[in-house]
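Going line by line, the protein sequences match chains A and B.
Under my numbering, the final residue of the first sequence carries the number 317; numbering is consecutive throughout.
Under my numbering, the final residue of the second sequence carries the number 317; numbering is consecutive throughout.
In short, the hints are calculated from the structure, not lab data.
None of these values were measured; they are calculated from a predicted model.
Positions of the beta carbon are idealized from the N, C-alpha and C atoms, including for glycine.
There may be inaccurate statements among the hints.
[What the hints assert, rightly or not] Below, a sample of chain A positions facing chain B; criterion: calculated Cβ distance under 8 Å:
1. Asn106
2. Gly173
3. Gly254
4. Val291
Number of protein chains: 2
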Amino acid sequence: MSTDALVALDVGGTSIRGELLRPARDAGEVVDLEVLERVLADTPRGGAEPDGDAILDEIERVCKALLDSATSHRVSVGAVGVAVPGVVDTAAGAVHLAGNLGWRDVPVAAELSARLGVPVRVHHDVACAGLAERTLGAGRGVRDLLAVFIGTGIAATLTVAGMPVTGGHHAGELGHVPVREPGLPCPCGQTGCLEVYASARAIGRAYAAATGRDDVTSRDVVAALGTDPAADAVWDDALDALAHALLGAITLLGTERIVLGGGLSLAGDALVAPLRERLLARARVAVVPDIVTAGLGPRAGVVGAALATLG
Amino acid sequence: MSTDALVALDVGGTSIRGELLRPARDAGEVVDLEVLERVLADTPRGGAEPDGDAILDEIERVCKALLDSATSHRVSVGAVGVAVPGVVDTAAGAVHLAGNLGWRDVPVAAELSARLGVPVRVHHDVACAGLAERTLGAGRGVRDLLAVFIGTGIAATLTVAGMPVTGGHHAGELGHVPVREPGLPCPCGQTGCLEVYASARAIGRAYAAATGRDDVTSRDVVAALGTDPAADAVWDDALDALAHALLGAITLLGTERIVLGGGLSLAGDALVAPLRERLLARARVAVVPDIVTAGLGPRAGVVGAALATLG
Chain A
7 MSTDALVALD VGGTSIRGEL LRPARDAGEV VDLEVLERVL ADTPRGGAEP DGDAILDEIE
67 RVCKALLDSA TSHRVSVGAV GVAVPGVVDT AAGAVHLAGN LGWRDVPVAA ELSARLGVPV
127 RVHHDVACAG LAERTLGAGR GVRDLLAVFI GTGIAATLTV AGMPVTGGHH AGELGHVPVR
187 EPGLPCPCGQ TGCLEVYASA RAIGRAYAAA TGRDDVTSRD VVAALGTDPA ADAVWDDALD
247 ALAHALLGAI TLLGTERIVL GGGLSLAGDA LVAPLRERLL ARARVAVVPD IVTAGLGPRA
307 GVVGAALATL G
Chain B
7 MSTDALVALD VGGTSIRGEL LRPARDAGEV VDLEVLERVL ADTPRGGAEP DGDAILDEIE
67 RVCKALLDSA TSHRVSVGAV GVAVPGVVDT AAGAVHLAGN LGWRDVPVAA ELSARLGVPV
127 RVHHDVACAG LAERTLGAGR GVRDLLAVFI GTGIAATLTV AGMPVTGGHH AGELGHVPVR
187 EPGLPCPCGQ TGCLEVYASA RAIGRAYAAA TGRDDVTSRD VVAALGTDPA ADAVWDDALD
247 ALAHALLGAI TLLGTERIVL GGGLSLAGDA LVAPLRERLL ARARVAVVPD IVTAGLGPRA
307 GVVGAALATL G
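For reference, chain A alone in the conformation it holds in the complex:
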């Protein structure tokens, strides 16, 4: 009976993804994570605001279902790893702020491990996704990597000379890199942030404003490319903004590969090809790196939560 299995969760504002995983190692390094069980659940909502307590209960339920299934797979679970969007203190096992989950200063690790009887570790979701892409995904083996996750917001994880960049202060906030002067206001309080132009949410809103429809999202923009000039214009604006921020990043960092993840990366070549074109047309000092979509797709957070917990 293996004692090396673990439960990993990616807790988002709309869904909770959980997996029971068995790591395969080579010379001590994790080279694969076999999926033994999966659970996908809706994140509970308490009316207009997220209900933090209900979300914690649902996480407990998902974990218990996965822990219960371990016996039939003849594994025992040594730890639970949870990826969370927000300000996370991994060492303390606490989440200082997770707006989408209704949490402020919640000792998530202590609370869950008391309920589950298994050690629990809490990690930042984007850091997990970046770790996963670097270790087992589209950034595998790349020493100088920029993994960019574009969804409701935009964040990045940087790998420099094979080492993750954590920064003396919080790093990787690509969504709040300025791309326009002075630019549109961002909820963060700045103006001209990349996120205001190129997040999935911003793209959906810009298309809604252009078409007068309030039920459209970034997926509708991608679907209408080439047929609706309004969609083309919104997409072009987003790509121009993304090119500004990424040209700056690769010029500073000498990046070898850009991995694009998050919901918007499901656009695939509709995103990658025009972004590559823009960078090739503009860059004269930086060498334009490979640009690829994420290898682990929506599983990156779960895989990274497992890797961070094992590491």
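Given the coordinates of chain A, assemble chain B onto it according to the supplied hints.
Here is chain B on its own, set in the frame of chain A:
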């Protein structure tokens, strides 16, 4: 007789600075470089274009003067380190391109070591200056450091988690990070590069254009601040551009300290104070790091050439 002394040179487009240095070590690490001799020479010019052969001869002359002086200091010189502005292949000891020196594919290390009878190593000048500030200057002990050198051009060296960032491709080209869309053309072929707005050369040119005088430099702008509104406007533009690029950099990197070096940093608080103000006024996601001027001043290149050669 110490055999640990070395000769270090910083070869620029206008001057050549050479020093005979004796390292002091603590537990194997270089903790100080004692200056035994100094030479400052003009970089030879052959009319309008730089004369590469004459520059190499002058480097030889400066090195020989420093090597000859070693005997009187009772040291022997184990190596010569040369810092050069351009595209340098340190492993091969060759300079692929150094426009300001008139060099293209010159095997500088082999040529000089044949003339001098001492091993010679060649390094990139900004990498040297960054190494020097990180090791013995204003960035000493800082794990996440951005050292920015503003002179004719703008370049940076990045230190992340205590390690220098070299990039899979060439890194640190802060001067070619875009700050305006589409912005003014840059000699590199891009538009809107930081260097077009905030280098010492760009500031001098903008002031010349504003005043109709062709004999002014960035030093005149600094001297006229507070008395000439044209100087204030030029300086404000440069600082706005610098704030855009640096806000992007610190938001990505989580930088703990920014060290400002190069000729423009001689402006001191006239540069540091308004830059800090702009970053504090703008930043809502990144924590604004310490901003200080370089500790080694114009010696950073020489000190770094020595450190790079010893390391």
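Taking the hints in turn, this is what the structure says about them:
| no. | hint | result |
| --- | --- | --- |
| 1 | Asn106 | violated, 17 Å |
| 2 | Gly173 | holds, 2 Å |
| 3 | Gly254 | holds, 4 Å |
| 4 | Val291 | holds, 4 Å |
In summary, the structure is inconsistent with hint 1 from the numbered list given earlier, while agreeing with all the others.
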